[in-house]
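Colleague: Residues per chain, in single letters:
There are 2 protein chains.
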Amino acid sequence: MSRALHDAASGTLFGVALNYQGLLNQRLAEFEQPPYQKPPVKPVLFIKTPNTRNGHGQPVVYPQGIEQLQPGPALGVVIGKRATRVSVDNALAHVAGYTIVNEFSLPEDSYYRPAVKAKCRDGFCALGPELVPAAQVADPQQLSIKLFINGQLRQQNSTANMVRSVAQLIAEISEFMTLHEGDVLITGTPEGRVDVLPGDQVEVEISGLGRLTNSIVAAQEKR
Amino acid sequence: MSRALHDAASGTLFGVALNYQGLLNQRLAEFEQPPYQKPPVKPVLFIKTPNTRNGHGQPVVYPQGIEQLQPGPALGVVIGKRATRVSVDNALAHVAGYTIVNEFSLPEDSYYRPAVKAKCRDGFCALGPELVPAAQVADPQQLSIKLFINGQLRQQNSTANMVRSVAQLIAEISEFMTLHEGDVLITGTPEGRVDVLPGDQVEVEISGLGRLTNSIVAAQEKR
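Residue numbers (full-length UniProt numbering), protein chains in the order written: chain A, 1 to 223; chain B, 1 to 223.
Treat the hints with caution; some may be incorrect.
Put simply, identical chains are the same to the list, so a pair is met inside one copy or across any two.
What the hints assert, rightly or not - Restricting the straight-line Cα-Cα distance to at most 25 Å, the calculated cross-link-like pairs of lysine-lysine (DSS-like) are:
(1) K117 x K81
(2) K42 x K81
(3) K117 x K42
Simulated from the structure, these hints should not be mistaken for laboratory data.
Same shape as in the complex, but just chain A (with noise of 0.2 Å):
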């Protein structure tokens, strides 16, 4: 990724589930069930480790012994300045920039099992091209998200859908945990996941951030 989006945006990468009203009503049905019998009411959290950073341009092993990998679309948010407890109406003061994020996972039936082995793969969270500075968006909740694997566009959402917007987030989580500077919010991805192969070519795009390219690899033998 770019050295500016690199030095920016060096610190804990937070995955936030189920953030599109799409998705979210596709699994209305299964949170009646036990063990939950309603929907979640705050943000459901994930962490991508530092393992999983991965660039514009660059290769994503597929993994030996799966049987689907997907890409996650998302819109991510590089926090600017340490927020605690902040308000929703002050929250975007905290935002240094946007960028792109893919964040790659094995699919999971459920949201049970805490994500780390689905979700925190190496090379299974790809940022960039750029880091846009918070200025030069207008309306983070505006913005269109599309996915395209081998130039045809197989997923495209708005991120007006999303739960919680951007400020929302970043007051909700800043209530129980300090965002620092260099964390990245990595704001969802919408309903419609789709499968890639080794040999495909992944891109998402945001609309104002560019575009993301990344390479879907076999895996070695032998790494």
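Could you slot chain B onto chain A? The hints should help.
Modeller: For chain B alone, coordinates are given in the frame of chain A:
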């Protein structure tokens, strides 16, 4: 924490849930129910984010609006050498040393949800007092682990009762993700967790590793 420990353990903090036989046995009935239907077959991991890092002798803030706070005494394993798909036999060669971890958490009645909100409050992961080189620890599976609250012994167990040994954990985790120099494996908290309150002094002692001390303090209205 000590300079040497701070420098050596600057990576990702990986928690392992349910890694004491007594605790797993207590949960077995629950795992027969939906959604699992069976006990976990692989290590259940969680992450302690960087904002949770805390040191020996440092205060741990009791968050506002919670009902219970529980210390989590654990053996910390500091990785000294990059580990990718290492064998059980070769695993301990990747360990730089050992330290004590007190992995604080809000109690959770299930393992269903990503535990970020319960486990990743600021200062919720104390490490220390020192890094003890691996060569000085004859057998990491023969260490007594004790929790003292205000000088009273409240929890006691042995690393001999781990479900997965340190070597097994390194082998199973490095099978799907690379462990890097400086990463720390928090190898699990025994059954019988207790509650602490502001004003309490909490100490974790592990044979050969010393004693990690923290005091619980009330949250300030303003931070």
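Colleague: If a hint holds in the structure, say so; if it doesn't, say that too.
Modeller: Right, here's what the structure says about each hint:
1. K117 x K81: between (31 Å within a copy, 21 Å between copies)
2. K42 x K81: within (23 Å within a copy, 38 Å between copies)
3. K117 x K42: both (23 Å within a copy, 9 Å between copies)
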